[in-house]
Structure formats: C-alpha cells, structure tokens
Amino acid sequence: QQQVKQSPQSLIVQKGGISIINCAYENTAFDYFPWYQQFPGKGPALLIAIRPDVSEKKEGRFTISFNKSAKQFSLHIMDSQPGDSATYFCAARDNQGGKLIFGQGTELSVKP
Amino acid sequence: EAGVAQSPRYKIIEKRQSVAFWCNPISGHATLYWYQQILGQGPKLLIQFQNNGVVDDSQLPKDRFSAERLKGVDSTLKIQPAKLEDSAVYLCASSLAPSNEQYFGPGTRLTVT
Chain F
1 QQQVKQSPQS LIVQKGGISI INCAYENTAF DYFPWYQQFP GKGPALLIAI
51 RPDVSEKKEG RFTISFNKSA KQFSLHIMDS QPGDSATYFC AARDNQGGKL
101 IFGQGTELSV KP
Chain C
1001 EAGVAQSPRY KIIEKRQSVA FWCNPISGHA TLYWYQQILG QGPKLLIQFQ
1051 NNGVVDDSQL PKDRFSAERL KGVDSTLKIQ PAKLEDSAVY LCASSLAPSN
1101 EQYFGPGTRL TVT
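From first to last, the protein sequence lines stand for chains F and C. Residues in the first sequence are numbered consecutively from 1, following the numbering used here. Residues in the second sequence are numbered consecutively from 1001, following the numbering used here.
If you are wondering where the hints come from, they were derived from the structure by calculation, not from laboratory data. Hints should not be assumed to be uniformly reliable.
Pair by pair, the computed Cβ-Cβ distance ranges are [said to hold, decoys possible]:
| id | chain 1 | residue 1 | chain 2 | residue 2 | range |
| --- | --- | --- | --- | --- | --- |
| 1 | F | D79 | C | S1066 | 39 to 49 angstroms |
| 2 | C | L1070 | F | K111 | 10 to 20 angstroms |
| 3 | F | H76 | C | K1071 | 24 to 34 angstroms |
| 4 | F | R61 | C | D1063 | 38 to 48 angstroms |
Result set (SDA-like, lysine to any residue): computed pairs, CA atoms no more than 20 angstroms apart in a straight line [claimed, not checked]:
| id | chain 1 | residue 1 | chain 2 | residue 2 |
| --- | --- | --- | --- | --- |
| 5 | F | K58 | F | K42 |
| 6 | F | K99 | C | A1030 |
| 7 | C | K1044 | F | K111 |
| 8 | C | K1083 | C | K1071 |
| 9 | F | K42 | C | A1002 |
| 10 | F | K71 | F | K42 |
| 11 | F | K42 | C | N1052 |
| 12 | F | K42 | C | K1011 |
A short list of chain C residues far from chain F (calculated; beta carbon distances all over 12 angstroms) [claimed, not checked]:
| id | residue |
| --- | --- |
| 13 | Q1006 |
| 14 | K1011 |
| 15 | K1015 |
| 16 | G1028 |
| 17 | Q1041 |
| 18 | P1043 |
| 19 | N1052 |
| 20 | D1056 |
| 21 | Q1059 |
| 22 | L1070 |
| 23 | V1073 |
| 24 | K1078 |
| 25 | D1086 |
| 26 | G1107 |
We treat Cβ as the ideally placed atom computed from N, Cα and C, and that holds for glycine.
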C-alpha cells in the first residue's frame, strides 16, 4: 500500500516565525518528493522538491530535510509571511510510472 | 506559456445525472493526469495518459467514471451516474513526460446534490 502521511493538519504561525510540516512514507519505490502549495480556488503549484540521494535542499526561505532511513521528510518555511498562508501538500512519486501520492495537506495560517 | 486549462470551473448537478469535464494541457505535454481532490484531502490520481494511451487507471471507478484523450491533446472526464460522494474538485495536470514536473490546472468544483 502506497501511503504518505502528513502532519499537522493545520498550523498557525506568527509572521517571521518558522513553519514546519512533516511527512512520512511507507513504500521505498519512490524516487522524487515534491511539496506543493495550493491557494483557495487554484490548483496545486510545485514549491520545492528533493530526490532521495540528497538530505537537504534549500530554495530561498523554503528548505526540505530528507531522512531516507526513517522514511521521513519535512518542509521548513523560514521567516514565514502572511502571503505564505495556503495549504501545503507533500507528495511522493512512484518510480515506475510517475504517479504522485499526496499527503492529506496542512493548512498554514501566518498571522501578521 | 499558457497553463493547463479546465472547464467548467464549477458544476452543480443532482445525483444520478451525468457530467463531463474538459482539460487542455500545456502544449507539447505528452502526459496528462486527472486527480480527484475531496475537501480536506490531498489529490488522488484517477487516471494517467501517455499521449492517447492509458498508463494507470487503477483508482478510477470504472462503473461510473470514464476518460478519453482521443488525439493525445485534450481530454474529457465523464461521470455517469453521479453519486453524492463524487462531490470534489477534479484537477487536470500535465507534464512533458512521467518523470517531469506536473503542472496543475485550476480544477472543476463539482457539487452533487
């Protein structure tokens, strides 16, 4: 069974704070781990992604930390801004056909 | 570059009626995906096309859902007959190939009453 479990379900952070969202997967047949950002009424948009041979990837204020042995990965948003308020989804891509398995989502609210 | 286009954006139907959604992927993208996103959940893949062939439809409820991509470009997803539990946002995505980034459309919000 391919599953990706995401937590927390919702998160409230003060402006300038650090937002941390965690994901865990069960199947080892994944070759790519993207994070998507979704605003109300919009489709998900790729935010940042990592491959399992790398332990960390940073792009601006966004960092993915990846722990292959624990089958866990997390998204850190530094200096969180009200404009970051959105729903965030982690995902894992099946290495056979490109199918994405999504987590349940985290609704982030950054308070000014 | 134009993004993934979907129509309609919203649809309200009664249970047991039929409905169809349309998707126009990014030009040149060979791989097309339909996802179902139920409120409060992550998207779930319904069907994946490579050009006009089906790669994965393992989670498509084939007794009521059908999809086609006849010329390897546009795609339609149909539900007949609809059930209350089909209320969701239906997202279309496309990519150059299965190993490339997926770009999502804005989705069609379906409400079944």
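K42/F and K1011/C: Cα distance at most 20 angstroms? 16 angstroms, holds
Confirm or reject the statement that L1070/C sits farther than 12 angstroms, beta carbon to beta carbon, from all of chain F. 21 angstroms, holds
At the C-beta level, are H76/F and K1071/C separated by a distance inside 24 to 34 angstroms? 44 angstroms, violated
The hint says 10 to 20 angstroms between L1070/C and K111/F; measuring C-beta to C-beta, is that right? 49 angstroms, violated
So Q1059/C supposedly isn't at the interface. Is its beta-carbon more than 12 angstroms from every beta-carbon in chain F? Per Cβ check, Q1059/C is inside 12 angstroms of chain F; nearest 9 angstroms; violated.
Would the pair K42/F and A1002/C pass a check requiring their Cα atoms to be no farther apart than 20 angstroms? 15 angstroms, holds
Test the statement that K1078/C is away from the interface with chain F: the closest C-beta pair must be farther apart than 12 angstroms. 20 angstroms, holds
So P1043/C supposedly isn't at the interface. Is its beta-carbon more than 12 angstroms from every beta-carbon in chain F? 5 angstroms, violated
Using the Cβ atoms, figure out if D79/F sits within 39 to 49 angstroms of S1066/C. 47 angstroms, holds
Check the hint pairing K99/F with A1030/C against an upper bound of 20 angstroms on the C-alpha distance. 14 angstroms, holds
Is K1011/C truly not at the interface, in the sense that its beta carbon sits beyond 12 angstroms from all beta carbons of chain F? 15 angstroms, holds
The output says N1052/C does not contact chain F. Does that hold with a beta carbon cutoff of 12 angstroms? Correct as stated: the minimum Cβ-Cβ distance to chain F is 16 angstroms, above 12 angstroms.
The structure is inconsistent with the numbered hints 2, 3, 5, 7, 8, 10, 11, 13, 17, 18, 20, 21 and 26, although it conforms to all the rest.
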